[in-house]
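Protein chains in written order, with my numbering: chain A, 1 to 223; chain B, 1 to 490.
The hints are simulated quantities; they were obtained by calculation from the structure and are not laboratory data. Think of the CB as a built atom: it goes at the ideal place given N, C-alpha and C, for glycine as much as any other residue. Fair warning: there could be bad hints in the mix.
With a straight-line cut-off of 16 Å between C-alpha atoms, the simulated EDC-like cross-links for lysine to aspartate or glutamate are [as the list claims (entries may be wrong)]:
# : chain 1 : residue 1 : chain 2 : residue 2
1 : B       : K486      : A       : E110
2 : B       : K487      : A       : D24
3 : A       : K134      : A       : E110
4 : B       : K379      : A       : E110
5 : B       : K486      : A       : E203
6 : B       : K379      : A       : E76
For each label pair, taking beta carbons as the anchor points, the in silico distance ranges come out as [claimed, not checked]:
#  : chain 1 : residue 1 : chain 2 : residue 2 : range
7  : A       : R215      : B       : I4        : 43 to 49 Å
8  : A       : E182      : B       : S381      : 49 to 55 Å
9  : B       : L483      : A       : K72       : 22 to 28 Å
10 : A       : R215      : B       : L483      : 42 to 48 Å
11 : B       : L483      : A       : K71       : 41 to 47 Å
12 : B       : L470      : A       : K72       : 34 to 40 Å
13 : A       : E110      : B       : A350      : 50 to 56 Å
14 : B       : I345      : A       : Y12       : 30 to 36 Å
15 : A       : D126      : B       : I354      : 43 to 49 Å
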Amino acid sequence: MILEAKDLNYYYQDGEQRRYILKDTSISFEKGKFYTILGQSGSGKTTLLSLLSALDSPHSGEVLFNGDDIKKIGYEKYRRNNVGIIFQSYNLIPTFTAVENVLVPMSITENEIPEDTKTVAYNLLDYIGIVKNKADRLVNRLSGGEQQRVAIARALATNVELILADEPTGNLDEEMEQEIIEIFKKLAHEHGKCVIVVTHSNEIALQSDQAFRLRKGVLTSYE
Amino acid sequence: MNFIKRGFLGITRKKGKSLILLAVIFILGNLISGAISIQQATGNVESTIKERLGTAATIDIDYDEWDAMSESELESLEMEEISVDLIKQIGELSYVKYYDYSMSTWLGSESVESYHDEESDVDYIVEGPSTDFRLKGINYAPVIDFEEGKAELADGRVFTDDEIEKGTSVAIISQKLADENNLNVGDTFTLANDVYTYDEETGEDDIVNSRDVVLEIIGLFEPSEAKKETDENSDSGMMILTDDMDYHNTVYVPNEIVIDETQFNWEEYLKADEELAEMMEGEDESFEYYEPIYYLNNPEDIEAFTEEVKPLLPELYSVISASDQYDNIAGPIESMSKLAKYVLIVAVIATVLITGLVVLLFLRDRKRELGIYLSLGEKRSRVVGQILIEVMVVAVIGITLSLFSGNLLAQQVSDTMMKADDNQDEYFEEYYYEGINTDLTAEDVMDSYEVTLNSSYVLGFYGVGLVTILISTIIPLIYIVRLNPKKILM
Chain A
1 MILEAKDLNY YYQDGEQRRY ILKDTSISFE KGKFYTILGQ SGSGKTTLLS LLSALDSPHS
61 GEVLFNGDDI KKIGYEKYRR NNVGIIFQSY NLIPTFTAVE NVLVPMSITE NEIPEDTKTV
121 AYNLLDYIGI VKNKADRLVN RLSGGEQQRV AIARALATNV ELILADEPTG NLDEEMEQEI
181 IEIFKKLAHE HGKCVIVVTH SNEIALQSDQ AFRLRKGVLT SYE
Chain B
1 MNFIKRGFLG ITRKKGKSLI LLAVIFILGN LISGAISIQQ ATGNVESTIK ERLGTAATID
61 IDYDEWDAMS ESELESLEME EISVDLIKQI GELSYVKYYD YSMSTWLGSE SVESYHDEES
121 DVDYIVEGPS TDFRLKGINY APVIDFEEGK AELADGRVFT DDEIEKGTSV AIISQKLADE
181 NNLNVGDTFT LANDVYTYDE ETGEDDIVNS RDVVLEIIGL FEPSEAKKET DENSDSGMMI
241 LTDDMDYHNT VYVPNEIVID ETQFNWEEYL KADEELAEMM EGEDESFEYY EPIYYLNNPE
301 DIEAFTEEVK PLLPELYSVI SASDQYDNIA GPIESMSKLA KYVLIVAVIA TVLITGLVVL
361 LFLRDRKREL GIYLSLGEKR SRVVGQILIE VMVVAVIGIT LSLFSGNLLA QQVSDTMMKA
421 DDNQDEYFEE YYYEGINTDL TAEDVMDSYE VTLNSSYVLG FYGVGLVTIL ISTIIPLIYI
481 VRLNPKKILM
């Protein structure tokens, strides 16, 4: 078990009333598998991902990474060394080139990275489908699909075992969506990563190794 | 791609914003730089002029206070003399380097010719009995005039403490006076202490008594080059010529000799003038009047010295120091210094506010970028460091540019202000005290005003400039610390 969420509660205080987004939610994930969490807008799937990625903290419950509470590891440190996050809107730094965007987390992480970071970054981008002449372009001169590939390369740059993605194909066309899904499958099955994708797309859920449905803060298995 | 490199990339990739920030810092930097330049220049004037005025101070009646008194107050006033004990007590203060208090008297001579400047074509006639030689009493054996560089010993030696105490008949005369009379160290010469009375009927002075004062020459002095130069540059030629001649005819002797001779003269005078003797009967017959002179360790000590001495002095007396004159003359400089101070304060506040606001606006535009760094697990301190690098690198360039232009601006502004002040007629009170240099004019003050690009200005400006920019980034940095990556990115 690489990642485990136990009895997560997350709510908004509305006057004296608590509006629960997640209620006693528990879930666990293994390495080498591609997971999807399916849900409609407002179902709490992004909140769940933010808790799993330590961008936010639950009101109660805990998230364990390799059995250790991420609160004890330290949220910042956990994000720095243990998890790669991919966002729907890519969230790349527009004034940097694709390769520079990949180099940023390499300078932040405390994980062991080969010395020639630039070559590693180019190789990663190439593996994801971004050739060198595109890697040297400013990211806002790349297409949406290409930008999301750069975001995936950035998530992989620190050599983490856990990849979390929030609607990664939300802004892409169907063809591009399928290409990205193939990359995730490859990362899980060939490289032993644990890939967790939050999506509202049944198509993606059907291609994952295991899918969950989140409705009104309650998580169920999706068959 | 660490935070330092990201900082530098942030500057080069966002050229427009960097240039705007540079322009803001450059413009405000000019104000700060100009104000610091003027402040430094005025500060230098004060220290230069006060240095030039020296550390001398004396005790005398405060004539401003005297003039302010009403007639009835003056009638009921009983003036106290400054006692030798008080002079010594003040002399023992820690600010005092050395001090002296002396009397002077004027004697004539039949055997010694006084010194006259032969090159001078100025004739002057002295009416009444000839008293060409000034006997200047000394209590400080090494002679303060020599210690202070007013003159230097050309031959022989200064007094010993024993000679001062016993009032030994020894003297130090000027080299020129010695040359005029073929005198050398070891020779003796004779002055005459003549007692005159004024005959109202004939309108002439009659000698009623006289005695010889025989003195052994132990040293010869020469007025120093610095003094000569100052005198030559002075406008008041006639005054200086007389001063110069008087100085060459000055005879330094132990103060006891001056007391003896003054006492003899006074007593013999009273014998001759019965009317005055009657008037003086029962009065304190003190004929000792001392003009103390104190030299302090530093010109900056004057204020503290004055404060400490003031309570010790009898009513109406005050400390007169060379630097008093600076306060009279330095009006335009002081007003410029004040103006520069206000400009500096306003410029620093404006820089903090404007730069802070500009940086904050730029950071709001880059909120997403900062959120990305935080989502990648970057430490907030490093994100802060990156922004500081971006701002400080631009600030250093802006400050360096304004270092020169602000200095140039200060020169132009102060030149204009000086000219405006120069056009106003100003009158300064002049006074004369032995040992206190007062031949200083407003022009001297203006001349010593110079806006320069020296190391203390450069360091001062970089210090003030960079600290100001650092303070101005505090608000934006608080903004970064409060950022929540989830709210920004998801």
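Okay, the hints, checked on the actual structure:
1. K486(B) - E110(A): violated, 22 Å
2. K487(B) - D24(A): violated, 23 Å
3. K134(A) - E110(A): Cα-Cα ~28 Å, so violated.
4. K379(B) - E110(A): holds, 12 Å
5. K486(B) - E203(A): violated, 27 Å
6. K379(B) - E76(A): Status holds; Cα separation ~7 Å.
7. R215(A) - I4(B): 43 to 49 Å: holds, 48 Å
8. E182(A) - S381(B): 49 to 55 Å: Once the Cβ atoms are compared, 40 Å apart, the range 49 to 55 Å for S381(B) and E182(A) is violated.
9. L483(B) - K72(A): 22 to 28 Å: 24 Å Cβ-Cβ, so the 22 to 28 Å window holds.
10. R215(A) - L483(B): 42 to 48 Å: Since R215(A) and L483(B) have Cβ atoms about 32 Å apart, the given range 42 to 48 Å is violated.
11. L483(B) - K71(A): 41 to 47 Å: Taking Cβ atoms as reference, L483(B) and K71(A) lie about 20 Å apart, which means the hint is violated.
12. L470(B) - K72(A): 34 to 40 Å: holds, 36 Å
13. E110(A) - A350(B): 50 to 56 Å: violated, 43 Å
14. I345(B) - Y12(A): 30 to 36 Å: Violated, at about 48 Å.
15. D126(A) - I354(B): 43 to 49 Å: Check passed, 47 Å falls within 43 to 49 Å.
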